Amino acid sequence: MSGQRIEIAGTDVSFECADGDTILRAGLRASLGLSYECSVGSCGTCRVELVAGEIETVWPAAPGISERDQARGRRLACQSRALSPCTIKTRLVPDNVPPVRPERRPATLIGSRALTHDMREFTFRAEGPASFVAGQYALIEFGPEIGPRAYSMSNLPNERGEWRFVIKRVPNGKGTAALFAATAGARFELDGPYGLAYLRTAPRDILCVAGGSGLSPMLAIVRAAASDARFDGRRITLCYGGRTPDDLCAEAEISMLPGYGTLIRHLAAVSDAEAAARAGYAGKVGFIHAVVEEIFGDTLNDHEIYFSGPPGMGDATQKMLVLTRKVPVNQVHFDRFY
1 MSGQRIEIAG TDVSFECADG DTILRAGLRA SLGLSYECSV GSCGTCRVEL VAGEIETVWP
61 AAPGISERDQ ARGRRLACQS RALSPCTIKT RLVPDNVPPV RPERRPATLI GSRALTHDMR
121 EFTFRAEGPA SFVAGQYALI EFGPEIGPRA YSMSNLPNER GEWRFVIKRV PNGKGTAALF
181 AATAGARFEL DGPYGLAYLR TAPRDILCVA GGSGLSPMLA IVRAAASDAR FDGRRITLCY
241 GGRTPDDLCA EAEISMLPGY GTLIRHLAAV SDAEAAARAG YAGKVGFIHA VVEEIFGDTL
301 NDHEIYFSGP PGMGDATQKM LVLTRKVPVN QVHFDRFY
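Going by this note's numbering, the sequence shown opens with residue 1, and the numbers climb by one from there.
It is worth saying that the hints were derived from the structure and are not from the lab. Bear in mind the structure is a predicted one, so any value in this text is a computation, not a measurement. No incorrect hints appear here.
EDC-like, lysine to aspartate or glutamate: derived pairs with alpha carbons at most 16 Å apart: (1) Lys89 x Glu54; (2) Lys89 x Glu49; (3) Lys326 x Asp298; (4) Lys319 x Glu294.
Taking CB as the label site, the calculated pair distances span: (5) Tyr260 x Gly286: 20 to 26 Å; (6) Asp298 x Glu56: 47 to 53 Å; (7) Ala184 x Gly233: 38 to 44 Å; (8) Asp232 x Leu83: 49 to 55 Å; (9) His117 x Val285: 17 to 23 Å; (10) Val285 x Val100: 35 to 41 Å.
Cβ atoms here follow ideal geometry from the backbone N, Cα and C, with glycine treated the same way.
With these hints in hand, go ahead and build the complete structure from the sequences.
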């Protein structure tokens with residue numbers, strides 16, 4: 001496959017960017033520690049400075065970069081395709097070297113099952129093993145009119161080539177509309193794995209916090225830790241928040257794991273007090289980050305913490321953990337998808 005050579009200014013590092021690939025994904029495929037989070041133009045973490053060369057911008061209106069940044073020669077690596085040999089200025093981060101090298105692969109939708117009224121787990125099968133680390137995500141390619149969307153895996157790595165994703169239907173969302181309308185046998189392309197919020201083997205209890213389809217990577221992390229002898233004796237807590245009781249589904253997904261009810265536990269909360277009262281819900285009411293702070297308080301520092309969810313929940317959780325509770329940043333793991 002033809003492509004263009006990308007050089008990193010001030011270093012002797014270069015890599016090949018295949019035609020149709022983005023600079024970010026090509027660099028990660030070359031096992032380089034490029035800065036990134038969402039891979040789809042939303043977060044802005046992958047900004048680089050274009051020193052020389054010509055690129056094509058896949059999504060000119062991507063919210064992850066401002067017009068001012070673009071005027072200064074900055075580009076989103078995840079939205080940049082090289083049209084000529086290029087030189088970019090960026091900083092390589094050793095911790096960002098992919099634990100599993102991402103690859104593109106055709107995949108077939110083999111089925112889905114409902115978790116709630118607006119959330120389903122979709123199962124795809126691709127050739128070769130499904131290689132990733134629990135907590136990572138993949139890009140599902142929907143074609144030129146929609147483009148790629150990032151979704152986290154909910155299952156564990158496996159030799160069967162099975163990739164599962166818990167996905168919430170987004171009102172007016174083109175990607176989720178296409179998925180929810182798809183039937184078994186539909187063909188897609190998967191690209192991954194990506195993501196830095198994957199399970200670590202740190203010597204602490206594990207706390208996972210999720211809202212909405214952010215449940216997907218948290219399920220993978222809980223399942224992986226529960227099945228790995230390196231985590232024997234660790235307490236694992238999954239905290240899941242929904243707007244109404246009808247949105248709660250996490251407990252059913254982990255209740256069959258060995259250790260559930262002893263070392264593994266589930267905490268739920270709903271944010272709509274009126275809906276909770278109408279349903280006769282007797283559990284915790286409030287935003288999940290506030291419930292987590294109320295329950296764990298000063299013991300948060302004793303945990304390795306993973307969280308995923310909608311933008312408001314993610315921002316509030318990060319602020320509570322890092323700014324309010326002063327949890328060391330190297331104990332807090334999340335990927336921004338907004």
